[in-house]
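Residues 145 to 529 in my numbering are what the sequence shown lists, from first letter to last.
What the hints contain is simulated information worked out from the structure, not anything from laboratory work.
Heads up, simulated DSSO-like pairs for lysine-lysine below, C-alpha to C-alpha not over 27 Å straight-line:
1. K477 to K490
2. K439 to K412
3. K386 to K410
4. K410 to K429
5. K373 to K359
6. K429 to K439
7. K452 to K493
8. K490 to K452
9. K529 to K363
10. K529 to K358
11. K386 to K429
12. K494 to K477
13. K386 to K452
14. K529 to K359
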Amino acid sequence: MSVIGIVAEYNPFHSGHEFLLNQARLVAENDPIIVIMSGNYVQRGQMAIMDKWQRAKAALNSGADLVFELPFSFAVQPADIFANGSIRMLSNLGVSELFFGVEDANLNFSYLGQKINQIPKNRMDFRDYTQTYATQYNEMVAREVGHEVNQPNMMLAVAYAVASEQLETPLHLHPVTRLGSGHDDPLLQDKIISSATAIRNYCLHHPNDLTELKKYLPKGELAALEKQKVYPNWNLLFNFLKYRIESASLEELRSIYQMSEGLEYKMKEEIHTAEDFTSFLRQIKSKRYTYARLKRLCLYTLLNVTEKEIQTSYQDVSTLLLGYNSRGRNYLKKIRKDVELPIISKVDKKNAASGTLGLQVKVDRLFEQIMGEDQNFGRRPIEVK
Numbered sequence: 145m146s147v148i149g150i151v152a153e154y155n156p157f158h159s160g161h162e163f164l165l166n167q168a169r170l171v172a173e174n175d176p177i178i179v180i181m182s183g184n185y186v187q188r189g190q191m192a193i194m195d196k197w198q199r200a201k202a203a204l205n206s207g208a209d210l211v212f213e214l215p216f217s218f219a220v221q222p223a224d225i226f227a228n229g230s231i232r233m234l235s236n237l238g239v240s241e242l243f244f245g246v247e248d249a250n251l252n253f254s255y256l257g258q259k260i261n262q263i264p265k266n267r268m269d270f271r272d273y274t275q276t277y278a279t280q281y282n283e284m285v286a287r288e289v290g291h292e293v294n295q296p297n298m299m300l301a302v303a304y305a306v307a308s309e310q311l312e313t314p315l316h317l318h319p320v321t322r323l324g325s326g327h328d329d330p331l332l333q334d335k336i337i338s339s340a341t342a343i344r345n346y347c348l349h350h351p352n353d354l355t356e357l358k359k360y361l362p363k364g365e366l367a368a369l370e371k372q373k374v375y376p377n378w379n380l381l382f383n384f385l386k387y388r389i390e391s392a393s394l395e396e397l398r399s400i401y402q403m404s405e406g407l408e409y410k411m412k413e414e415i416h417t418a419e420d421f422t423s424f425l426r427q428i429k430s431k432r433y434t435y436a437r438l439k440r441l442c443l444y445t446l447l448n449v450t451e452k453e454i455q456t457s458y459q460d461v462s463t464l465l466l467g468y469n470s471r472g473r474n475y476l477k478k479i480r481k482d483v484e485l486p487i488i489s490k491v492d493k494k495n496a497a498s499g500t501l502g503l504q505v506k507v508d509r510l511f512e513q514i515m516g517e518d519q520n521f522g523r524r525p526i527e528v529k
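Put together the whole structure using the sequences plus the hints.
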């Protein structure tokens, strides 16, 4: 049996994601496809535009057999931690093949992963404070392996390969060339596949008429988007962030995960004059940090996620089952007793008291306030017939 895995955010689920699932199904045939998906917060430090249940349902409707939640502790992180958490979870669930979209599918990603893992760790202790860590890392990888990895999906693909090669039995990698718009194209293009960024932007600027999105979304997804009354974004959250920074003491801010090098002073100083979230980011930006890094820090601050909470959560890692179909249910019955990773089907006070699930429940409370619907307690996995 070849069990196929996909790491995803589906923010939101669109035709490009459906294409990747279709490519995976050609290889899987009747074997299961497992998706590990970010929850209500995504890697670059923002709320997902649709809740995790809706996005999981979309994946199941388009060919996935099982969808599990990637815990917040791994989901809202730089590429290496995001990939490491995802790949280890998929491996634990019995996945042997990994499918992912990338700008150049002709590269030998397994080889790249092997080469990068051979680089001594002390050579990754970058000291050039005039450049971001990501820039220095990408330049070093380009020198070592002869390939640029500065495009978003390339960076993630390499991170998947590195994490895979650290497993006792590495996954078989299946890169698939992305079609249509670029990953971060901000506007809809005259193509069948548009970027998730462009789709989100359109939702924010045309909330009362989303019909233009119909050609970019699988059947049923437009209706799901149109039912929403709110499309989460940082402008909506900025006043909450402002209150949090202004009301917290410097000591409280210092305890926030990834708060370092005096950023708490800078945030305190600049929040008073910032007109909106975009201007606030510009005001605290330096050559040392990427915008993605600062957005994640703002999200940790908004949600009051501390260094201690993140580190403690890693001692008790579990995953929430978001949905399944009959093939997924049968596979889960087969492996459940042998899987070391605790699989949660129903959130209760006991399993939500600590660990990655406990942190997930905590951070989802704000999402629940914004969206007006419970995200954990009282929810059961979606079953697609």
